Amino acid sequence: MKSRTLAAPMLGVLFLGLLAASASADAVTHGDLLLSDGYVRAMPPDAPVAGGYVTIANKGSQDDRLVAARSPRAGAVQIHEMTMNGDVMKMRELPDGLPVPAGGSVELKPGGYHLMFMQVPTPFAEGETVETTLVFEKAGEVALPFAVRAMHAAPAAHQGHASDHSGH
Amino acid sequence: MSAIPDTARQSVGNLYRAVWRWHFYAGLLVLPFMITLSITGAMYVFRDEIDNWYHADLKRVQVQDSQRLAPTAQVASALDAVPGTAVKYTDPADPGASTEITVSTDRGKMAVYVNPYNGLVLGAMPDRSTIMWTVRTLHSFKYFGTWTRYLIEIAAGWSILLVGTGIWLWWPRGQKGGIVSVRGRPQRRVFWRDLHAVTGLFVGFFIVFLAVTGMPWSGVWGGKVNEWANGNNFGYPDGVRVNVPMSGQKLDEVAKAAWSLEQARIPESVGHGTPITLDDAVAAFDRLGLHRGYAVGLPQKPEGVFSGSVYPDDLSRQRVVHLDQYGGQPLLDMGYADYGPLGKWLEWGINTHMGQTFGVLNQIILLAACAAIVLLAVSAAVMWWKRRPSGSLGVPPLPTDRRVFRGLIAILAVGGVIFPLVGASLLVMLALDMAYVRLSRRNPAVTT
Ligand SMILES: [Cu+2]
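Going down the list, the protein sequences come from chains B and D.
Residue numbering for the first sequence is 1 to 168, as defined by our numbering.
Residue numbering for the second sequence is 1 to 448, as defined by our numbering.
Do not take every clue at face value.
Taking lysine-lysine and the DSS-like style, the derived pairs with C-alpha atoms no more than 30 Å apart in a straight line are [as the list claims (entries may be wrong)]:
| id | chain 1 | residue 1 | chain 2 | residue 2 |
| --- | --- | --- | --- | --- |
| 1 | D | K344 | D | K224 |
| 2 | D | K142 | D | K344 |
| 3 | B | K90 | D | K142 |
| 4 | B | K109 | B | K138 |
| 5 | B | K90 | D | K386 |
| 6 | D | K224 | D | K386 |
| 7 | D | K386 | D | K176 |
| 8 | B | K59 | B | K109 |
| 9 | B | K109 | D | K109 |
None of these hints come from the bench; they were simulated from the model.
All figures in this text were calculated on a predicted structure; none of them were measured in a lab.
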């Protein structure tokens with residue numbers, strides 16, 4: 001009896017550990033590009049859209065450009081930019097995509113560049129992974145899993161504002 | 001000043017001087033207000049047009065054939081971008097408008113704009129910080145603090161005094177011009193005098209109208225009248241609206257209410273159980289026929305209600321509906337037709353003051369009136385400058401017979417009682433004028 005009562009929480013820990021492992025998607029290398037730390041935020045039940053984030057490093061000597069993205073979990077994925085101008089936050093689609101300079105890297109993160117998963121029929125739930133394909137002008141298509149993280153675990157866009165405000 | 005005409009002429013001359021003197025004082029006080037009020041007012045009359053243009057990135061979307069997303073989905077999207085508590089949902093007024101969702105955050109309220117067709121957040125900004133909200137707070141002088149609202153109340157009263165004394169001064173006394181025509185060239189003072197008098201004649205009505213209809217917003221007079229008009233829930237006898245339980249929450253805290261509803265109290269939800277969703281509430285407001293662009297105050301506590309309110313250009317479609325957050329049934333449904341006569345008059349005045357009653361014509365007339373008021377102020381300043389003796393304020397001369405002041409003071413006293421703050425300022429001015437006169441007597445160098 002005693003061992004059994006102990007086993008339950010231990011199983012729980014193990015389970016959580018497995019979840020954590022599956023939720024931290026591995027980095028993907030494709031040609032000169034290194035894509036790492038891809039994640040989306042879990043969606044509240046009614047939410048129609050979700051933000052996606054990833055770091056893209058370009059080890060090569062040629063500039064590249066993220067021009068499109070898609071996912072079987074979303075009707076459309078757009079490349080977005082969030083900007084702050086004083087107290088005003090704006091979000092817009094980048095129609096020409098996002099440049100990834102040679103030898104540099106670009107970070108898609110809350111409060112800045114991001115992917116926007118739209119027309120999502122089944123909300124992303126924490127612990128899942130969302131298969132996503134990024135399309136680059138030169139490197140072509142790269143498929144990588146995006147881990148689904150807790151709703152506001154990552155520094156939210158909102159907190160991005162807050163830091164901007166401190167300068168006022 | 002040395003020529004002595006016959007007594008009849010002298011008494012007219014005396015009165016003329018007395019009126020002129022007060023017209024001058026009033027003008028001096030009101031001139032800066034007139035200019036700022038006209039400029040901000042002329043802009044604010046076109047608030048929708050200007051806000052929609054200036055904040056097009058946030059307020060406008062591409063019209064799409066697809067259905068709009070459910071309000072709850074749009075709110076969820078807004079909250080994902082700006083975490084906090086949603087307090088208000090504003091229905092897009094036309095197919096090209098975005099949905100505005102007001103979110104209460106730890107840094108104050110934010111207005112989040114959502115594309116209703118795809119749920120994308122277009123952006124966010126502090127609530128009521130659009131360019132036209134700023135112009136509005138400048139127009140009411142709230143921008144500068146509370147006490148400045150008293151100044152504007154005084155300015156409104158003094159501008160009425162300006163029109164009254166101005167028309168008296170304009171009144172034809174046998175001169176051959178300057179009645180509806182302008183004499184002379186800009187180099188001459190008479191040109192500016194005539195320009196001022198003729199413009200004033202045409203615009204005087206609008207100054208009085210705008211001053212009077214603007215008064216309900218003022219700090220002292222407006223506050224009192226507001227309190228009185230709403231003292232009894234718009235003066236409805238008890239029971240007309242059943243015994244709806246009232247919470248302590250005021251409507252103004254939820255949505256920007258029409259002026260006469262500002263102090264009205266909101267009924268509380270009486271039901272218990274599972275609350276209806278925002279989608280249900282919006283469907284109910286649509287079914288009840290609220291004019292597009294209505295705001296929905298979201299219940300913030302167990303006894304709260306869904307408060308739908310809309311104040312469109314068409315006065316008759318002003319409407320406030322409170323839904324029980326559990327049963328979804330209307331607890332209160334009021335429109336313009338339900339206001340008392342005072343409320344109706346006040347709302348009409350306010351609606352017209354804001355350029356809404358007669359559509360584009362209303363806006364254009366007010367724009368023209370504002371331009372004319374600026375012209376009045378400029379011509380007054382030029383006129384004074386041309387007459388001004390060097391090294392003095394250029395106050396018009398004091399009448400030799402001081403009895404003529406009595407009639408004037410009687411008129412001012414009546415106005416001063418109706419508008420106490422204006423009355424108080426008149427007394428201060430009278431005291432200052434007397435002190436000035438005394439000082440001038442003792443020291444003739446100061447005399448004009
Ligand atoms: Cu976005």
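Quiz prompt | Hints that the structure is at odds with (numbers, increasing) | solution = Hints 5, 6 contradicted; others consistent.
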